[in-house]
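Colleague: So you can see what is in the structure, the chains are spelled out below.
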Amino acid sequence: MNIEQHQLIVQVEDLCKRFGDRVVVDGVSFSVRRGECLGLLGPNGAGKTTLLRMLLGTAIPSAGRIEMLGRPVPSQAGAVRAHIGVVPQLDNLDPDFSVVENLYIYGRYFGLPRRKLEAQIPALLEFAALPERGAAKIGDLSGGMKRRLTLARALINDPQLLILDEPTTGLDPQARQLIWRRLRQLLTQGKTLMITTHYMEEAERLCDRVMVMDNGRILTTGSPADLIRAHIEPHVIEIYGPAAEAWLAREGRLAQRVECVGETVFCYAQDEKPLLQSLSGEKGLRFSHRPANLEDVFVKLTGRELGAAG
Amino acid sequence: MKQWLSVWQRNVLVWRKLALPSLVGNFGEPLLYLLALGYGLGAFVGKVQGMPYIVFLASGIVCASAMNAATLEGTYSAYVRMSVQQTWEGILVTPLGVRDVVLGELAWTATKALINAAPILLVAALLGAVHDWRALWVLPLAVVVGLTFGAMALVVTAFARGFDFFLYYATLVITPMFLLSGVFFPLHGMPEFVQRGAQFLPLTHAVEIVRPLMTGQPLSQVAWHLMVLAAYALGGFALAVWLFRKRLIT
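In order, the protein sequences belong to chains A and B.
To convert, count from 1 in the first sequence and add 5; that's the numbering used here.
To convert, count from 1 in the second sequence and add 17; that's the numbering used here.
Worth flagging that the hints you see were computed from the coordinates, not collected in a lab.
The reader is advised that the hints may include incorrect statements.
Okay, derived cross-link-like pairs now, DSS-like style, lysine-lysine, Cα gap no bigger than 27 Å in a straight line [what the hints assert, rightly or not]:
| no. | chain 1 | residue 1 | chain 2 | residue 2 |
| --- | --- | --- | --- | --- |
| 1 | A | Lys278 | A | Lys305 |
| 2 | B | Lys263 | B | Lys19 |
| 3 | A | Lys121 | A | Lys142 |
| 4 | B | Lys34 | A | Lys151 |
| 5 | A | Lys288 | A | Lys278 |
| 6 | B | Lys19 | A | Lys121 |
| 7 | A | Lys142 | B | Lys263 |
| 8 | A | Lys121 | B | Lys34 |
| 9 | A | Lys151 | A | Lys121 |
| 10 | B | Lys34 | B | Lys19 |
Model, not experiment: these values are computed from the prediction.
Work the whole structure out from these sequences, hints included.
Modeller: Okay, here's the thing in structure tokens:
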């Protein structure tokens with residue numbers, strides 16, 4: 006079956022990666038179907054980036070099997086990479102080139118002919134929302150513009166699969182929204198996406214399925230809604246302030262489950278009313294009530310917040 | 018098109034933007050050596066190996082300028098592309114592999130050697146330091162010299178953890194080579210062990226071919242000299258690919 010028709014875009018079995026004694030990826034198995042958006046969630050150091058590098062053939066597995074677009078990796082990584090687009094964690098746009106030149110030379114690395122690239126570049130500039138900035142130097146672009154250009158660059162070879170390593174880290178909310186809109190656009194075009202992130206909002210909005218990773222292992226996999234339902238009570242009350250601990254000692258039994266992360270107390274409950282009633286009279290603390298989300302799943306599984314360093 | 022050529026092409030496109038300052042910088046220094054030493058020192062030295070000193074010196078400076086251009090490009094500039102700009106990281110997630118990157122960079126160091134040596138050859142010709150048209154063979158030789166020193170420089174870069182590292186290479190390898198390969202004076206006046214040691218320096222072999230070509234003297238042992246240069250180039254290339262693969266593919 007050729008690369009264009011393969012339905013399982015990624016297939017990974019028992020994948021391990023060790024650096025000396027340190028196990029970075031520890032027996033990971035999963036697959037990604039065509040047209041799916043898979044989110045890879047985990048704190049820094051969870052093994053996400055190493056996992057992605059192995060999929061691309063730029064890190065060699067210590068054990069396990071990888072098949073990308075029906076072909077074995079790393080043995081056929083070069084041929085596979087011809088059909089993949091990559092947005093790396095740190096921008097590596099070529100600072101010696103303008104916006105247009107960056108797209109052009111990157112296309113050359115894929116062996117694409119000049120005429121084809123010249124025909125394609127205007128549409129990519131449009132996609133990156135940089136139609137007027139073709140001649141601009143990379144140093145003159147904002148963080149959001151650079152990310153959009155990196156995303157457009159990843160599309161130069163019309164890839165089957167896009168691999169995005171923290172595509173919106175460090176961007177302001179507007180810039181992030183624009184990236185999300187573009188990624189959704191790509192999904193409607195039938196592209197397959199793999200995204201690592203530690204923004205649970207990003208994962209909830211974009212991903213059909215998320216894998217939660219920590220210490221090189223996959224802790225759980227499922228759609229964001231399913232994971233929340235399976236792991237977390239529907240109501241969450243976050244409490245903070247000097248009196249939070251004292252209140253917890255007295256009234257904590259009103260919650261089904263309690264997690265303390267940093268200075269915040271998280272109370273999880275099937276029924277939120279008794280908790281809210283008890284809290285409303287309290288002085289010296291503040292609280293907020295919200296529905297359960299992916300972050301709660303993560304806190305429950307790892308005892309840490311998503312953004313925290315591993 | 019061979020895909021590694023796109024790496025070479027990238028560097029050509031960047032160079033084109035900065036060609037003028039780059040030419041002035043790279044061309045100026047060897048030209049100063051040639052004029053200052055050729056005429057200044059030449060007035061005291063008189064004839065060397067039966068020729069005016071500036072004629073003797075010109076062929077050496079052509080070789081040294083090819084060596085320096087390839088060395089600079091293969092160390093500092095390649096390191097910037099690898100580590101500072103992460104250009105290689107971007108390339109290595111396209112169909113290109115480490116070997117393509119090294120080959121493209123090596124081809125570019127050889128191109129820079131040619132770009133730097135050719136104007137010196139022209140100036141030498143204008144100063145009357147070139148004997149006949151046979152000197153045009155120096156142009157392809159500059160490419161060979163570029164491949165030799167480019168490959169060696171890339172091996173050094175594969176070990177480098179910062180720019181300081183290149184100072185060791187410049188001080189311990191390139192400068193002694195610059196001084197002890199017969200660029201400025203004939204080696205036969207040196208102690209025996211220096212002469213024998215110089216036979217291991219690739220620049221010595223480059224000078225041994227280029228000098229007769231520019232001054233119209235008979236060539237000797239061309240195949241041997243070329244083999245030494247090729248051995249450094251091919252050995253260096255293979256070693257650089259292996260080292261960069263270890264460094265970049267974890």
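Colleague: Each hint: holds or not?
Modeller: Hint check:
Using a Cα cut-off of 27 Å, the hinted pair A/Lys278 and A/Lys305 holds, with the two alpha carbons roughly 22 Å apart. Of the pairs offered as hints, the one joining B/Lys263 and B/Lys19 holds, with about 24 Å between alpha carbons and a cut-off of 27 Å not exceeded. For the hint pairing A/Lys121 with A/Lys142, the CA-to-CA distance comes to about 23 Å; that is within 27 Å, so the pair holds. Distance hint between B/Lys34 and A/Lys151 is fulfilled; the C-alpha atoms sit about 22 Å from each other, no more than 27 Å.
Of the supplied pair hints, the one linking A/Lys288 and A/Lys278 holds, its CA atoms being roughly 18 Å apart against a limit of 27 Å. Under the criterion of a C-alpha separation no larger than 27 Å, the hint pairing B/Lys19 with A/Lys121 is consistent with the structure, at around 17 Å. A threshold of 27 Å between alpha carbons decides the hint, and for A/Lys142 with B/Lys263 the separation of about 33 Å lies outside it, so the pair is violated. A distance of roughly 24 Å separates the Cα atoms of A/Lys121 and B/Lys34; the hinted pair therefore holds under the 27 Å criterion.
With a CA separation close to 23 Å, the supplied pair A/Lys151 and A/Lys121 stays within the 27 Å bound. Using a Cα cut-off of 27 Å, the hinted pair B/Lys34 and B/Lys19 holds, with the two alpha carbons roughly 24 Å apart.
Of the numbered hints listed earlier, the single one contradicted by the structure is hint 7.
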